[in-house]
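Work the whole structure out from these sequences, hints included.
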Amino acid sequence: MVLELILELKFKIPMALELILELKLKIPMALELILELKLKILMALELILEQK
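Just so you know, we're using the numbering used here here: the sequence shown kicks off at 726 and counts up by one.
Hints are computed from structural coordinates only; laboratory data are not their basis.
Glycine is no exception: its CB is placed at the ideal position from the N, C-alpha and C atoms.
Among the hints, erroneous ones may be present.
[As the list claims (entries may be wrong)] Derived DEER-like restraints, expressed as beta-carbon distance ranges:
| hint | residue 1 | residue 2 | range |
| --- | --- | --- | --- |
| 1 | LEU742 | LEU762 | 23 to 33 Å |
| 2 | GLU771 | ILE738 | 48 to 58 Å |
| 3 | LEU732 | LEU764 | 47 to 57 Å |
| 4 | MET740 | LYS777 | 52 to 62 Å |
| 5 | GLU775 | LEU742 | 46 to 56 Å |
| 6 | GLU747 | MET726 | 30 to 40 Å |
| 7 | PHE736 | LEU756 | 27 to 37 Å |
| 8 | LYS763 | GLU743 | 23 to 33 Å |
| 9 | PRO739 | ILE773 | 46 to 56 Å |
| 10 | ALA755 | GLU733 | 26 to 36 Å |
| 11 | ILE766 | VAL727 | 50 to 60 Å |
| 12 | LYS777 | ILE738 | 57 to 67 Å |
[As the list claims (entries may be wrong)] Once the Cα atoms are required to be at most 35 Å apart in a straight line, the calculated DSBU-like pairs of lysine-lysine come out as:
| hint | residue 1 | residue 2 |
| --- | --- | --- |
| 13 | LYS737 | LYS751 |
| 14 | LYS763 | LYS749 |
| 15 | LYS751 | LYS735 |
| 16 | LYS749 | LYS737 |
| 17 | LYS749 | LYS765 |
| 18 | LYS777 | LYS765 |
| 19 | LYS749 | LYS735 |
| 20 | LYS763 | LYS751 |
| 21 | LYS777 | LYS763 |
| 22 | LYS751 | LYS765 |
Shown next as structure tokens:
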């Protein structure tokens, strides 16, 4: 029973670490996209205001 749990942990910890590393890469990418969107929204608002 204990051995089974240890083996399961051995298997799951590397998987978890891999997911964490993937997130580390994806979070900056997501933040970059959010900033780009913010800029585009501001530009769009500016255009709308200019047209009035």
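For each hint, the structure was consulted:
no.: 1; hint: LEU742 / LEU762: 23 to 33 Å; verdict: holds, 31 Å
no.: 2; hint: GLU771 / ILE738: 48 to 58 Å; verdict: holds, 50 Å
no.: 3; hint: LEU732 / LEU764: 47 to 57 Å; verdict: holds, 50 Å
no.: 4; hint: MET740 / LYS777: 52 to 62 Å; verdict: holds, 54 Å
no.: 5; hint: GLU775 / LEU742: 46 to 56 Å; verdict: holds, 50 Å
no.: 6; hint: GLU747 / MET726: 30 to 40 Å; verdict: holds, 32 Å
no.: 7; hint: PHE736 / LEU756: 27 to 37 Å; verdict: holds, 32 Å
no.: 8; hint: LYS763 / GLU743: 23 to 33 Å; verdict: holds, 31 Å
no.: 9; hint: PRO739 / ILE773: 46 to 56 Å; verdict: holds, 51 Å
no.: 10; hint: ALA755 / GLU733: 26 to 36 Å; verdict: holds, 31 Å
no.: 11; hint: ILE766 / VAL727: 50 to 60 Å; verdict: holds, 55 Å
no.: 12; hint: LYS777 / ILE738: 57 to 67 Å; verdict: holds, 58 Å
no.: 13; hint: LYS737 / LYS751; verdict: holds, 21 Å
no.: 14; hint: LYS763 / LYS749; verdict: holds, 22 Å
no.: 15; hint: LYS751 / LYS735; verdict: holds, 25 Å
no.: 16; hint: LYS749 / LYS737; verdict: holds, 18 Å
no.: 17; hint: LYS749 / LYS765; verdict: holds, 25 Å
no.: 18; hint: LYS777 / LYS765; verdict: holds, 19 Å
no.: 19; hint: LYS749 / LYS735; verdict: holds, 22 Å
no.: 20; hint: LYS763 / LYS751; verdict: holds, 18 Å
no.: 21; hint: LYS777 / LYS763; verdict: holds, 22 Å
no.: 22; hint: LYS751 / LYS765; verdict: holds, 21 Å
In summary, this structure violates none of the numbered hints.
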